[in-house]
Amino acid sequence: KQEVTQIPAALSVPEGENLVLNCSFTDSAIYNLQWFRQDPGKGLTSLLLIQSSQREQTSGRLNASLDKSSGRSTLYIAASQPGDSATYLCAVRQRNNAGNMLTFGGGTRLMVKP
Amino acid sequence: NAGVTQTPKFRVLKTGQSMTLLCAQDMNHEYMYWYRQDPGMGLRLIHYSVGEGTTAKGEVPDGYNVSRLKKQNFLLGLESAAPSQTSVYFCASSYLGQGGQPQHFGDGTRLSIL
Numbered sequence: 001k002q003e004v005t006q007i008p009a010a011l012s013v014p015e016g017e018n019l020v021l022n023c024s025f026t027d028s029a030i031y032n033l034q035w036f037r038q039d040p041g042k043g044l045t046s047l048l049l050i051q052s053s054q055r056e057q058t059s060g061r062l063n064a065s066l067d068k069s070s071g072r073s074t075l076y077i078a079a080s081q082p083g084d085s086a087t088y089l090c091a092v093r094q095r096n097n098a099g100n101m102l103t104f105g106g107g108t109r110l111m112v113k114p
Numbered sequence: 001n002a003g004v005t006q007t008p009k010f011r012v013l014k015t016g017q018s019m020t021l022l023c024a025q026d027m028n029h030e031y032m033y034w035y036r037q038d039p040g041m042g043l044r045l046i047h048y049s050v051g052e053g054t055t056a057k058g059e060v061p062d063g064y065n066v067s068r069l070k071k072q073n074f075l076l077g078l079e080s081a082a083p084s085q086t087s088v089y090f091c092a093s094s095y096l097g098q099g100g101q102p103q104h105f106g107d108g109t110r111l112s113i114l
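So the sequence lines, in the order shown, correspond to chains L and A. For what it's worth, this note's numbering labels the leading residue of the first sequence as 1, then goes sequentially. For what it's worth, this note's numbering labels the leading residue of the second sequence as 1, then goes sequentially.
To be clear, the hints were calculated from the coordinates, so they are not data collected in a lab. Think of the CB as a built atom: it goes at the ideal place given N, C-alpha and C, for glycine as much as any other residue. A portion of the hints provided could be inaccurate.
[Stated by the list, open to error] To be clear about the criterion: a stretch of chain A counts as covered by chain L if any three or more of its residues have a C-beta under 8 Å from a C-beta of chain L, and this derived list gives those stretches:
1) 16-28
2) 71-83
[Said to hold, decoys possible] In silico DSSO-like links for lysine-lysine, alpha-carbon gap of 30 Å or less:
3) A:Lys-57 to L:Lys-1
4) A:Lys-9 to A:Lys-70
5) A:Lys-70 to L:Lys-42
6) L:Lys-113 to A:Lys-71
7) A:Lys-14 to A:Lys-57
8) A:Lys-57 to L:Lys-68
9) L:Lys-68 to L:Lys-1
10) A:Lys-9 to A:Lys-57
11) A:Lys-9 to L:Lys-42
12) A:Lys-14 to L:Lys-42
13) L:Lys-42 to A:Lys-71
[As the list claims (entries may be wrong)] Pairwise CB distance ranges (calculated):
14) A:Phe-10 to L:Gln-81: 27 to 33 Å
15) A:Thr-20 to L:Leu-19: 29 to 35 Å
16) A:Gly-63 to L:Leu-19: 38 to 44 Å
17) L:Thr-45 to A:Glu-59: 43 to 49 Å
18) L:Gly-60 to A:Asp-38: 41 to 47 Å
Construct the complete structure from the given sequences, taking the supplied hints into account.
Quick look at the structure:
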């Protein structure tokens, strides 16, 4: 059974810092990996999706990398801002997984202080 | 462009009561999902559907039933609510497609069972 772990569970940084969020998964036979952002009391917003054949994806100040063989992904946030404060979740889709189902990590709660 | 809409947003039930949560999407997505999110945990899949008239069990299906009579709607039912079903429920949808498609989420339904 796939297990997804995110470390740390919570992170507090001063504004302007570059930071890295980590995601690890136990079964490397994945189809893709997706990073989400969740604001308090809200649903999930998709940030980046990396296919298993890709090494990284970039969107603005965000860069996600994938090392399938070691079962790891990182989300890099450059020049963090208070508006980046949220919970960040990673999720993997398994190969031979009907229905595009995702397995989620527990999330990293990020606080960026002004 | 509403995306994924969940109703109601909040609900308090007594143990043993029944209710139905409604999810509607206007993106013509084939796949729809119901997740629950509990404190400190990621999202766990309850049931999903790969098309109108079809449903399948996810990771935590016990105590829940679902129906997908129309492509745009996915209903989650609790026949006899229990305190263990207190949670935030999220609906999501995605396109059918090779390589996996991003899932789009609603804002959630916060359900308390007393």
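Quick rundown of the hints versus the structure:
By the rule of at least three residues with a Cβ nearer than 8 Å to a Cβ of chain L, the coverage given for the region 16-28 of chain A is violated, with 0 such residues. Coverage of a stretch by a chain is defined here by at least three residues with a beta carbon nearer than 8 Å to that chain's beta carbons; for the region 71-83 of chain A and chain L the count is 0, and the condition is violated. The straight-line distance between the Cα atoms of Lys-57 (chain A) and Lys-1 (chain L) is roughly 16 Å, inside the 30 Å bound, and the hint therefore holds. For the hint linking Lys-9 (chain A) to Lys-70 (chain A), the alpha-carbon distance of about 21 Å falls within 30 Å, and the restraint holds.
Straight-line distance between C-alpha atoms of Lys-70 (chain A) and Lys-42 (chain L) comes to about 26 Å, which keeps the hinted pair within the 30 Å bound. About 44 Å separates the Cα atoms of Lys-113 (chain L) and Lys-71 (chain A), which puts this hinted pair outside 30 Å; it is violated. Straight-line distance between C-alpha atoms of Lys-14 (chain A) and Lys-57 (chain A) comes to about 25 Å, which keeps the hinted pair within the 30 Å bound. Only pairs whose Cα atoms come within 30 Å are accepted, and Lys-57 (chain A) paired with Lys-68 (chain L) is accepted, the gap being roughly 27 Å.
Using a Cα cut-off of 30 Å, the hinted pair Lys-68 (chain L) and Lys-1 (chain L) holds, with the two alpha carbons roughly 16 Å apart. Taking the CA atoms of Lys-9 (chain A) and Lys-57 (chain A), the gap is about 24 Å. The hint holds against a cut of 30 Å. Proposed proximity of Lys-9 (chain A) and Lys-42 (chain L) is supported: the alpha carbons are some 10 Å apart, at most 30 Å. For the proposed pair Lys-14 (chain A) and Lys-42 (chain L), the alpha carbon gap of about 25 Å is at most 30 Å, so the pair holds.
Between Lys-42 (chain L) and Lys-71 (chain A), the direct Cα distance comes to roughly 24 Å. Compliance with the 30 Å bound is thereby established for this hinted pair. The supplied range of 27 to 33 Å is met by Phe-10 (chain A) and Gln-81 (chain L), whose beta-carbon atoms lie about 31 Å from each other. For the pair Thr-20 (chain A) and Leu-19 (chain L), the supplied restraint of 29 to 35 Å is violated, since their beta-carbon distance comes to about 42 Å. As the Cβ distance of Gly-63 (chain A) to Leu-19 (chain L) is approximately 39 Å, the hint placing it in 38 to 44 Å holds.
Taking the beta carbon of each, Thr-45 (chain L) and Glu-59 (chain A) are about 23 Å apart, not inside 43 to 49 Å as hinted. For Gly-60 (chain L) paired with Asp-38 (chain A), a C-beta distance near 31 Å fails the hint of 41 to 47 Å.
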